Amino acid sequence: MTAPEVHARLAGVTRVYPATAGHQPVHALGPIDLDLKRGEFFGVVGPSGCGKSTLLEVLAGLQPATAGTVTFEGNRVAGDVPDGIGVVFQEDASFPWLTVWDNTAFGLRRTGVDDTEVRRRVDDALAFMGLKDFARAYPAQLSGGMRQRVCIARTLVLQPRLILLDEPFGALDAQTRLLMGDEVLRLWRRTGATVLLITHALDEAAMLSDRIGAMSARPGRFLDIVETKWPRERESTIVSDPRFGEITGRLWDNLRGESMKSLGYAGMAAE
Amino acid sequence: MTRVGWIRLLVIVLAVGALELACRAGFVDHRVVIAPSEMAAALWRMIAAGQFTGEMTRTFGIVVAAVVIAIVLGFALGLLIHALPRVREALDPFFATYYAVPIFIFYPVLVAIFGLSPVPILLMGVATAIVAMIIATLNGLDRVPRVLTKVARVHRMGAVETALKLKLPAAAPYLFTGVKLATSYGFIGVIASEFILSPAGLGRVISDAYADFNNPRMYALILLLLIVAVVVNTGLHAWDQRWAERRGIRKP
Amino acid sequence: MTATARRTTDTLIILVVILLAWQALHHVVGETALPSPAPTLSYAAHFLFTARFIDNATATLVCFAYALALSYALGLAIGVWMGAHHLSGAVGEPILISLYTLPKITLYPVVLLIFGLALSGRVTFGAMHGVLPVALLTMNAIRNIPPVYLKAARTMHLSKAQTVFSVLLPATLPEVVAGLRIGFTLTLLGVLLAEMFAAKEGLGFLIVNAMQLVQNEEMITVAVVLFAFAAAANALLLWMEHRWFQRT
Chain A
1 MTAPEVHARL AGVTRVYPAT AGHQPVHALG PIDLDLKRGE FFGVVGPSGC
51 GKSTLLEVLA GLQPATAGTV TFEGNRVAGD VPDGIGVVFQ EDASFPWLTV
101 WDNTAFGLRR TGVDDTEVRR RVDDALAFMG LKDFARAYPA QLSGGMRQRV
151 CIARTLVLQP RLILLDEPFG ALDAQTRLLM GDEVLRLWRR TGATVLLITH
201 ALDEAAMLSD RIGAMSARPG RFLDIVETKW PRERESTIVS DPRFGEITGR
251 LWDNLRGESM KSLGYAGMAA E
Chain B
1001 MTRVGWIRLL VIVLAVGALE LACRAGFVDH RVVIAPSEMA AALWRMIAAG
1051 QFTGEMTRTF GIVVAAVVIA IVLGFALGLL IHALPRVREA LDPFFATYYA
1101 VPIFIFYPVL VAIFGLSPVP ILLMGVATAI VAMIIATLNG LDRVPRVLTK
1151 VARVHRMGAV ETALKLKLPA AAPYLFTGVK LATSYGFIGV IASEFILSPA
1201 GLGRVISDAY ADFNNPRMYA LILLLLIVAV VVNTGLHAWD QRWAERRGIR
1251 KP
Chain C
2001 MTATARRTTD TLIILVVILL AWQALHHVVG ETALPSPAPT LSYAAHFLFT
2051 ARFIDNATAT LVCFAYALAL SYALGLAIGV WMGAHHLSGA VGEPILISLY
2101 TLPKITLYPV VLLIFGLALS GRVTFGAMHG VLPVALLTMN AIRNIPPVYL
2151 KAARTMHLSK AQTVFSVLLP ATLPEVVAGL RIGFTLTLLG VLLAEMFAAK
2201 EGLGFLIVNA MQLVQNEEMI TVAVVLFAFA AAANALLLWM EHRWFQRT
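Chains as they are written, first to last, in our numbering: chain A, 1 to 271; chain B, 1001 to 1252; chain C, 2001 to 2248.
Rather than coming from a laboratory, the hints here were simulated on the basis of the structure.
What you are looking at is a predicted structure, and each value in this text was computed from that prediction instead of being measured.
Honestly, I wouldn't trust all of these hints.
Where chain B lies over chain C, by a calculated footprint (3+ residues, C-beta under 8 Å) [as the list claims (entries may be wrong)]:
1) 2077-2089
2) 2220-2227
3) 2233-2243
Backbone N, C-alpha and C define an ideal beta-carbon position, used for all residues, glycine too.
With the hints as extra help, turn the sequences into a complete structure.
What follows is the structure in structure tokens.
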């Protein structure tokens, strides 16, 4: 069996926010080296403010890298978001003036796909995300979790080959998050896409990912990349596997000091 | 001052400067607009000579009286209405449309009833200002977080103590917004009434000066009114903002 | 009784209370000062169809229409510019707010000196009142667009035009329309004030003129008609806003 190809690559990528009136330039990220294998589920964990979102945005082409190269399917990523990449943001990006159905169809309609195909894909995505009964509701009538599902559905219909999720379940309670984790895994298996998920929850990363990158405090770099070797057909119940504790423990070993640094416990990291 | 503040100051100075130049160079007819420096000079002479102090006292006196009445009465009514939810619901459409109606149309009616005295002007000022205070009071009392009343009960505080020590301070920033609005509306109510019809007061003197083509006097007094309005409103607004910031309140 | 029925009856009760207060006030101050509701109503039924009323109402309406168009055009332009261009917005906002709280009637003599007693003066004065809320609310609407919408538009490969028309416009519409509604009422106020202070035609002029001629029934009738018009227009605009933008 041939080794899985590299789907996206970050080589020597750094991101420095330029100086603005009254502020110094901020070295937010890097240098980062990462090879995302096609079809893998890659988790990114790290303390607050370490640059996880910046990493995602640079990879997606939403922000330019200050140094280094970003490639997706062999092509340089620069300026625009390449076709084939879908992003689910941390904040609620559902449009309050459209119904759930119209929200989901929004991006797809603009690609010139014909109406029957649009309808098929949207109905399919809504059914898959469990939103069929809410197709005619407005986002304001839904809970936060459901609104995120709408955003995921909207990304799904575009059939992306690389899906980037930026702390999509940040605002949800712990049990809902575990269930949503199952949903993401279903999504991943169904679409066969490469997934990169950012989270601050170690258990979530450990449960969902094939590989997990542990990031340092700002400027974020990968301290370690942990391989979980989980089977593809996994679910949230994997938390009872004995290796789960090992993996989470290894992540925390890497991140404990970094988290204290970013929380301002300057001296304690040295203890 | 911040960079933005300096730019703003520059913009204002340039605008006034441009007007000054245009007047001096003759681009603007001095029978229409006189140079800002002349306006300021005329105002200075007027104040130094003690001219129109009577009118100033009368006008500003009525404004202060109207604003104070509006604030006190508005607050009291707000408290009352807040305690009577059914009355509040019934009054809701009136409050919603109150400032949509040009209430100055009733000023002549007031003059017809009370004659050409300070009374209709005072009433107009109060009428313009009071509803803003009522609405702000209702809003402020609404915003007292429920959890505060629960904390009061855990500490076994009585009703009056809860009201004075918890509810009032919690609602205070919103009440102050009411004060700010009542002040600016009261000012507008009184001045506009004096302009439309009044036996005396700054509004009357300005309209007379206009009718007599006495530009220096007219502009001097307009300048005075504008300065007072801007200083008072800006001061209250800044205070209001600072208060809200300290409390972490985001105002619409 | 359902909640809405109860609320409507309560509001009607308050209206009745106002009418009764009017009647009571009439008894206190006498016929010449304040006519009572009933004769006012019968006077109105006839007066509203006279040339005197219709001509003046048309004059006000024409002036108002021009002033409103000017308010909206200028207000939207200023609002969009200040909303999109951060520095202009930061510099200009306090200036606009100060102008908003100024008693603009103090500037009316200046307007009169510039325009004379012509219609353009009253139109300008009306627009001076309406421009500010339209500009301020439009500016805020643009500033309040959640940045994530723009990021989402980029991930969905929308062109600039598509982003503006299918994302930015609908996102800002509720607040902009609220600004237009407030601009409507303030422009009307400005036009009426101008007519009350110095004009030879219009409903504002009619009220002051009637008072000076001690034609109190006429005065009260016009005032009440204007009041009803403004209240109804505002209620209609509010209802439309609610219908279009209610998403809960």
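Note to self: For a quick check of understanding: which of the numbered hints are violated here, in increasing order?
What the structure shows: Hint check: 1 fails alone, others pass.
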